[in-house]
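Q: Chains as they are written, first to last, in the working numbering: chain X, 1 to 238; chain W, 1 to 111; chain E, 1 to 488; chain L, 1 to 517.
The reader is advised that the hints may include incorrect statements.
Said to hold, decoys possible - Straight line, CA to CA, 25 Å or less: simulated BS3-like cross-link-like pairs of lysine-lysine:
#, chain 1, residue 1, chain 2, residue 2
1, X, Lys37, W, Lys49
2, L, Lys139, E, Lys432
3, L, Lys481, E, Lys421
4, X, Lys37, E, Lys199
5, E, Lys149, W, Lys27
6, E, Lys22, X, Lys159
7, W, Lys108, E, Lys98
8, E, Lys149, L, Lys497
9, L, Lys139, E, Lys362
10, L, Lys497, W, Lys108
Calculated from the structure, these hints are not laboratory results.
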Amino acid sequence: MSRVHKIFRKFYKIGLVLFLAIFLLFIFDEIQNLDIKRYLSEHYISEGVQETGAINLVTSVLYDYRGFDTLGEATVILTAAATLSFMAPIKKVKMLGTEFTIIIYQTIIIIIPFLVVLGMNLIFFGHISPGGGFVGGVILAMIPILVTITYGITFSENKLKANHKSLLEGIGAIGFILLGLLGIFAGSNFLASGQANFGLGNPGELISAGLIPYLNLMIGIKVGAGLATIFNSLIKEG
Amino acid sequence: MELPYVVVIILFCLGIYTIIMNKNLIKIVVGVNIVESSLILLLILISFKLGGTAPILDRKYELVVDPIPQALALTAIVIGGSFIAVMLALVIKIYKRYGTLNVDEIRKLRG
Amino acid sequence: MESAVWIILLPLLTAFFLGIFKLYSDKLFYSLVIVSMVIYLYLLILVINDSYPPKVYSIGDWGLLGINLMVDSFSAMFLLIIAILFITVIIFSLNYIKVNKHKFIILTYVMIAGIAGMVLTADLFNLYVFLEVSSMSSYALTAIKKTDKSIESSFKYLIMSTFGSFFILLATILTYYLTGTLNMAEISLEFKSVPFMIKSTIMFFFIFGYGIKIGLVPLHAWMPDSYEASPIPYNVLSSGLVMKSAIYALIRLLYVIFGVEFLTESGILNIGVFWGVLTFIIAHTLAYQQSNLNRLLGYSSIAQIGYITIGLFLGNEKGLIGGSFHILNHGIMKGTLFLVLGIFYYSLKADEIEDIQGLGYKFPVLSFTFVVAALAIVGLPPFNGFVSKWLIIEAAIEAGFFYAAFFILVGTFLSLTYYLKVIIKLYTKTEKKTLIEKPDLSLKLPTFFLGSLCILFGIVPSLPLSLINNIPKFLLNNSEYIRILLGG
Amino acid sequence: MITPGFLYLEGALFLFLAINNKIKYIISFLITTGALIITFYLTPGYSLQINFLNYTLIPFRVDDISKLTGLIFTLSGLAAVFYSINISSRSNLQLIFLFIGSSLTVVFTGDLFILYIFWELMEISSSFLIITVSDLTKKTGYYFFLMQAVGGLSLLWGVFLNHSATGSLSLNAIETGIPFFMIAVGIKLAFIGLHTWMPQTYSKVPFYVTVVLSIYTTKVGVYVMYRLLSGINILAYAGLISALFGIVMALKQNQVRKLLSYSIITQVGYMVIGISIGSAAGITGAFFHLINHILYKTVLFMVAGVVIYTTGKENLEDLGILGSKLPITSLATLVAFMAISGVPFFNGYMSKTIIKEALQEPVLIWGLNLMSFGTSLMFLKFIYYAFFQNSNINLNRKPTISMQLGLGFLTIIMILIGINPFLLENLTNIDVDINYFDIKLMLSGIQPFLWSVIVFILLKKYLVKEYRRFIYYDIYREMAKIFVKIGYKLSIYHNGKLSKYLLWATTTLIILLSLLI
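Using the sequences and the accompanying hints, generate a full structural model.
A: And the structure:
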């Protein structure tokens, strides 16, 4: 390919992107001038607390109004974890790790309980304070990740077997669906918590908001296990 | 027109440019990441109201930002994250098999 | 109408449980596969039966506040394809798949769940989520052989279709920004007040994003690669369900959210028809060049998608009927071809055209099935492909697209050129080949089942058409759909 | 619904039961004779209807012409099946039944939809017959199938145009799409320019397949032409040109079946002329000629088959074995020769006379004389090689009984029709008031034959001499080459570079968006 052709191709690509940018600018500018309606979110804000019993509206949207999306994304994580785990080599590969000082090792051991507490807090208080299953799950996933980084892949795999992780993950996902099915058994629809009048309690307390805390827990378990699996598989790849 | 939207557009087009311009697989994945973050930023922006508090109604509030886009953003983040993970795993595999990261040399399938 | 949500939940539950069982007991695993398959078939038939008039199922009983599932004739037709293809493929792959068998079955269940979600949901963002579920599992299934080619093709597929999903997500976000809701019915009511320019921009983003997943030329380039490198049972689902679910979602969005009047005035219908013609002409020309049969069939799938696009973009009743019928038929025909090819590959590792020489005398009945399916997909009577093509051409002439109708016939001739090449190679005598493995009944039975459907739907097209004939009622005037979805 | 066509189609299915030869014989005998009898007792005017995809179709409708055609088709079907029953394998026999059945259905159909469907079935079954019958005919079958498919598709396109214009699928409401019907029929008729499939196919495939194909393919074309395109006078001249072309080509051949297939083109010219002048007499003449032509051309192909079967070679020299060694065959050959060159008291004479009487334009009349002259000239060549050239070839094996049966059967019918031409008229109660045996007609009928004998004796050394197979330019192959070249360029362009694919995608997006501005 000649140089002229290269340069032409480069400028052609730049032109394409510039066109796209200008077009988007134009469109967004158009959109700014429109009056926008938000009655759905206004209804959530005004009625949401009574309807779902959760103070954290994001949680109530994620786990109650649009719980089905959450199921979908949980499935996506599970699929990604499964994909990575079958793409990772079966045999343990020697991960390239450096020797850390004693400080690191000790700190990790000390940190772990705090991480557990923090994660559990985020999960269980997800419906009354900032947080929720995803965040908590990520925090919980930090633990095996840290262990893997410092003590090496073999050690962490010994501590927490890959099978157990995928078992946890499956339990999380299945639990989510089973909790949703409770709604059907209560004579309402799938994933119904408020509608199937499971005790919403009075907002702001720990035991309130019907199914939401338990759904949070399931998602937390699932995300934690999934992220840990993903990380370990990637480490094994390297 | 507010500045943040311009930022969104710049990030979006920057990501697209990275994807179609770069030969390096890792850089392509980075470009994908940039585009996703620009979209998430867009989600956050459209939920923004001036002077609104976070949608956690435990104290007195006058104005609350729109909770739906934040929930959507959370979903989008998770989906995007798992996509990036799979992409990186594939990149590693490709690097092992083909011994290169140049996208133009990965052409066992053609015709 | 409880069973609608079960259509999505059952495969998910099965997949999760399988994920646990595979750690412990194989017997449990396979028995669960069989059992859930049977139950699933029953559920599908249940839902398809009372799909008319359409039913709405509201998740969490939130009504318009939450996510709704809706079953109308279009989705019922798609569930019928799932019922036909999914069952056959699972039975087939129980013996066929050798590497990563558990993962293959689990991921297939997940993919089916994602596709069922795409088909049933009436919520824009939920559609995106389930689209990603099904795409994620298809990337995994493409890469599952872990050969160089499969890894490469999976990467190309991943990048290309992520590129498409950006624009789908962008369009979804903009739609929420403009309308403040995600329910399709409310969106299409709100859209009446949105200016033309922005509406058509959003529409073009949707078309581009889904166009990559559909594989319209020139967005098709990843598709033959993924066909060549992925296991053949997955190819059946990929050509029968994954591409088709994308075009299903696109058509659903266009006709329900935007409405056919807007489509006609924005001229997207002409663009779509022209695009379809371009697609199948180029795809046929390329398919003639291929020496790998998977690749050849892949290009042929792209071409058939071109026909379907023409049918669905004509914007009149006959076109929608013909296009939907061709979706069903193409799933069946291409499924048959792939399964026969799969048996050839299973028994003597043959997937190049050269390798299948003389197999017509080794497997007479299988080759006859192949010939029937090939003639059907070319569109010769008295097979099912002919009927749907006839409907599409008639609709094209009725809508005034004479050039499209004429080029469909040209495309028929072009497809004959390469399928006949394969058939003749099949019936050319050669020296004895030795079977590596003898195909048993569980491989042959699904193949013959699909092949017989080719003939049955060709001679008695009224069987599926009785279901399909209701489709235009809810697509051509979306007010009906909207009324039902809003719970009127 | 027991129509002759469907009887044959069911026969194709029944043959699956034929585990041994006896059952095969029984089934074939029952089917063929049954079809013949049914056709004989059909009453013109009978028709039946079915509903399919909100059309009402007429799969079966009888009138005089279709009954006449059906009769000769079933008759020669009987002969052909018994001629080939020993040689062909079971699957090929099934394909033959399918082929005959679909062509019979085409003859009796009452609307364009059924016509198209069974037209396609004819082409599919015949192509697969050609493809599967031997190892040497794969390429021929490919070419044949593609050619016929073009014909079928243009028929379909004509049907669509006509349907969209008139809104009906009936056969006698043809308004638009005439050129496409012309292409379709022309390919079936092996019209000049569209004839390229015919000689190579008929000369390559085994001889019994040639017999079967030569009976039905072109004749169905003639019948459909009568249904769709009768009375278009221009086509008469086209038919004349194509016939003369056939003569010129045939005179250059030195292979029996090539010569015969080119002579088919010539004979079809008669029918095209007869049909396209459109008068009742002309059409009747055309169809009588169709019957006679089927009879003697089948006999000639069967003779060629016997020669191939017995000697294994098929050049004109090998006809030398006829003479004394194969008495029945030689007799049949002589009768067929007399018939095809229109000698009085043989069946070719009567139909040619009817057509000639129906003509007005002097050009066509002289052209017709020229055609008969050429025809008898080319078959004089045939006869010369057969009898007057002392050859020392001896037969490897004797022809089977069934062959001789089929041959003799048709020969006897030929002689009957020749001696009593009114047989056909009484059979189909069509009356053309022509006294075949008055002297003027007989003189004008015999003249071209005598001339041709004189010319042959004078110019023998030019006519009999070996012509190398001269190269002929096939435009369709060239088009195919171009198509393949384009495809190759395209597939080179898909060189597996992801960045290029992404660039295509982005370009498409920008094009889409720029459509908005």
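Q: Holds or violated: Lys497(L) and Lys108(W), Cα atoms, limit 25 Å.
A: 10 Å, holds
Q: Please work out if Lys139(L) and Lys432(E) have their alpha carbons no farther apart than 25 Å.
A: Measuring from Cα to Cα gives roughly 22 Å; hence the hint holds.
Q: Do the alpha carbons of Lys481(L) and Lys421(E) lie within 25 Å of each other, as the hint requires?
A: 15 Å, holds
Q: Does Lys49(W) lie within 25 Å of Lys37(X) when you go C-alpha to C-alpha?
A: Holds - the C-alpha atoms of Lys49(W) and Lys37(X) are around 13 Å apart, at most 25 Å.
Q: Just to be careful, I want the Cα atoms of Lys108(W) and Lys98(E) compared with a cutoff of 25 Å; is the pair within it?
A: Given pair Lys108(W), Lys98(E) holds - Cα atoms ~24 Å apart, limit 25 Å.
Q: With a cut-off of 25 Å on the C-alpha distance, tell me whether Lys139(L) and Lys362(E) pass.
A: Between Lys139(L) and Lys362(E) the Cα gap is close to 22 Å, so the pair holds against 25 Å.
Q: Is the straight-line distance between the alpha-carbon of Lys22(E) and that of Lys159(X) 25 Å or less?
A: 21 Å, holds
Q: Does Lys497(L) sit within 25 Å of Lys149(E), going by the straight-line distance between their CA atoms?
A: 14 Å, holds
Q: Holds or violated: Lys149(E) with Lys27(W), Cα cutoff 25 Å?
A: 22 Å, holds
Q: Tell me if the straight-line CA distance from Lys37(X) to Lys199(E) falls inside 25 Å.
A: Holds, because 16 Å separates the two Cα atoms, which is no more than 25 Å.
Checked against the numbered hints given earlier, the structure satisfies every one of them.
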